[in-house]
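There are 2 protein chains.
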Amino acid sequence: MNNFEFYTPTRMIFGRGTHLQVGKIVKEYGFKKVLVHFGGASAKKTGLLDTVCSALETEGIGYVQLGGVQANPTLSMAKKGIELCLAEKVDFVLAVGGGSVIDSAKCIADGAGSPGTDVWKFFTKEAAPSGALPVGTILTLSASGSEMSASCVITNEENGLKRGFNSTTHRPLFSICNPELTYTVNRFQTGCGTVDIMMHTLERYMGGTTKETPLTDRIAEGLLKSVVEAGAVADQDPENYEARATLMWAGSLSHNDLTSAGRAFMMQVHQMEHELSGMYPQIAHGAGLSALWPSWARYVCTAWPERFAQYAVRVWNLEMNFENPMETALAGIKVTEDYFKSLDMPTNIRDLGVEPEKIDEMAEKCTNFGTRTLPGIKELGKTEMMEIYRMAMEA
Amino acid sequence: MNNFEFYTPTRMIFGRGTHLQVGKIVKEYGFKKVLVHFGGASAKKTGLLDTVCSALETEGIGYVQLGGVQANPTLSMAKKGIELCLAEKVDFVLAVGGGSVIDSAKCIADGAGSPGTDVWKFFTKEAAPSGALPVGTILTLSASGSEMSASCVITNEENGLKRGFNSTTHRPLFSICNPELTYTVNRFQTGCGTVDIMMHTLERYMGGTTKETPLTDRIAEGLLKSVVEAGAVADQDPENYEARATLMWAGSLSHNDLTSAGRAFMMQVHQMEHELSGMYPQIAHGAGLSALWPSWARYVCTAWPERFAQYAVRVWNLEMNFENPMETALAGIKVTEDYFKSLDMPTNIRDLGVEPEKIDEMAEKCTNFGTRTLPGIKELGKTEMMEIYRMAMEA
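First to last, the protein sequences are chains A and B. Everything in the first sequence is counted per my numbering, starting at 1 for the first residue and increasing by one. Everything in the second sequence is counted per my numbering, starting at 1 for the first residue and increasing by one.
Treat the hints as calculated values from the structure; they're not laboratory data. All figures in this text were calculated on a predicted structure; none of them were measured in a lab. Treat the hints with caution; some may be incorrect.
[As the list claims (entries may be wrong)] Which stretches of chain B does chain A cover? Using the computed rule of at least three CB atoms under 8 Å from a CB of chain A, they are:
| # | stretch |
| --- | --- |
| 1 | 2-9 |
| 2 | 12-21 |
| 3 | 208-215 |
| 4 | 241-252 |
[As the list claims (entries may be wrong)] Heads up, simulated DSSO-like pairs for lysine-lysine below, C-alpha to C-alpha not over 30 Å straight-line:
| # | chain 1 | residue 1 | chain 2 | residue 2 |
| --- | --- | --- | --- | --- |
| 5 | B | Lys-24 | A | Lys-121 |
| 6 | B | Lys-125 | A | Lys-334 |
| 7 | B | Lys-211 | A | Lys-225 |
| 8 | B | Lys-225 | A | Lys-225 |
| 9 | A | Lys-125 | B | Lys-24 |
| 10 | A | Lys-89 | A | Lys-125 |
| 11 | B | Lys-334 | A | Lys-225 |
| 12 | B | Lys-27 | A | Lys-125 |
| 13 | B | Lys-125 | A | Lys-24 |
| 14 | B | Lys-211 | A | Lys-211 |
Ideal Cβ positions, reconstructed from N, Cα and C, are used throughout, including at glycine.
Build the full structure now, drawing on both the sequences and the hints.
Written as structure tokens, this is what we have:
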């Protein structure tokens, strides 16, 4: 087990009807002027936006609205939010939505707390925020874990780069998680969320070579089992509260570092997916992960078949082939791939419309133009990335 | 799954050598005068106390010391600490020790932050703290989970009552957890710690009737499996880093409400044990739990044998008897009892020197003199408690 720090100060308020408390909660912290940040039409259509704004009004809290955040949230939207916060003297950013809205809110919070600095520099590591507005969330999509994490991913439309920036400055103060708000999430987005949640833990579980983390392993395996079961139920029965609740809580735990305590890891599939959806913004993040993971897994598993066999046995209840762990490892990858297919998630990048001639450029970008390789069970440079993209094209 | 709040803001700094950072960490927060609170001779003998004080001195931070905290920490010690904090204008309480020292520090922090109020009233729910000094810990014993929890248990020597008080006011700001500092914990105390950690999760897992918490169940089961394995290793090989690290991290997770998210529960065995060690202060908490649990489990399991069978199958890898779940349930209790015995932990209260004629008084106190029953899989009133104490006497 490696040394680690674990810090999850976000207050999680979980369960039925909890979003109705938002006015009281914001008042409790003493905020006066809120930016209510949201996505598209669904927050309006479902009446959630009205409910939230009424709850703020009831407590006498002022607010301004900024909607229109799209999947793969953009730098230009964040810049718009920063300007609005400064102009309106906003002291709290409330994200009402899923990971894209929350990440956009985080970027706005950092930017509004660090006036005069180009926020993109936080993502290129050329600068750090000098301050940040506090952020809260009302979660409407179980997937990113952004509601409890320090991470934030933004796409710069000018150069097509999608980059992440982890910072405690923008970790949510509180997150209100009502699984009922995810009943209206459609089948495709539910599948994307299930894959994303699994990947946040799988990439920790298989993203490095640290040995001797039995407790972290067991928690990761238990989370994966629960998500597999709940994801299948929610796929068929979208208003099943218990399944939606399991996905929602798992989503938060999967990306708050609980499932990597004591482990070194690099999220190679996430990194490679960022180049996919960076270049093809229509690709949903979860679908991109689903399309890449089986090929990534088959490529790297030869370096540590026992780890993949443990996953197969403990998460999928497969029988261990003691004479040939690789066979068990491959069976675990196959059953995962079949599970993704059962959710109608893609398992190759061809179906996502990725053009073979773009593989070189994606790999080049993923090495940050030749300036990095990605450590892991197998270290990935441009050559290895191209091979995985190619496998995922032909899968 | 029930609605819940989950809030664990303590910054956990985990791993080899981490205690050496204490001066820098305290300075980072800007504290000027620290109460260094500790237990008996071992903190001095091992040199830990000197190391901690040197680290504070290096950063120019003032401190006063208060040692002598014993197992089942007392109200009188806490009052002494409160006076010292007020007299010396202490602004931060640093506990260097295990759960007893940390709980004593928490009580001091509440008292020093609420001058003029009798702190015992916090434990009898007659008053609440108006403020509290911040608390940090350097953990030297894996057991109580107090380093990451809101709980605090104090014994009032004047009336022999041992009472708990949960409050966010005294939740540690940070906890430094170096498993190496537990190498010197003797075999008996290691066993007590292993039992205590297991009980914090078992009492959540079996402490109520909430259904449909699959993720919380899996996390609890994974934690229990890991603790059983690591406890057996540490029992035989006290300087095994990985086993000590698993116990330490499990100890923190076991009592921070992760293993009860969405579940209603009452820690019946803990409540009944408090009366044991309240009346017989020589009884170590973990030993008291070990002595009571098998009898408690056999008494209540008839009300929900499937739950105990699930425990037996998932934690102990026992085969499910599908025709007769009660047989599996009882086998799971037996294997747990055997495990406690393998650590030389008591499995009856007779061996602890408890007198049969005191059973009535213990049960009376545990009902808070007839004013409460304890809800759970089976609700316990005085009659039921007496029966469990009797079973534990004769076991």
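These are the hints, each one checked on the structure:
no.	hint	in the structure
1	2-9	holds (count 8)
2	12-21	holds (count 7)
3	208-215	holds (count 3)
4	241-252	holds (count 6)
5	Lys-24(B) with Lys-121(A)	29 Å, holds
6	Lys-125(B) with Lys-334(A)	57 Å, violated
7	Lys-211(B) with Lys-225(A)	17 Å, holds
8	Lys-225(B) with Lys-225(A)	16 Å, holds
9	Lys-125(A) with Lys-24(B)	25 Å, holds
10	Lys-89(A) with Lys-125(A)	27 Å, holds
11	Lys-334(B) with Lys-225(A)	28 Å, holds
12	Lys-27(B) with Lys-125(A)	27 Å, holds
13	Lys-125(B) with Lys-24(A)	25 Å, holds
14	Lys-211(B) with Lys-211(A)	35 Å, violated
Of the hints listed earlier, those the structure fails to meet are numbers 6 and 14, in rising order.
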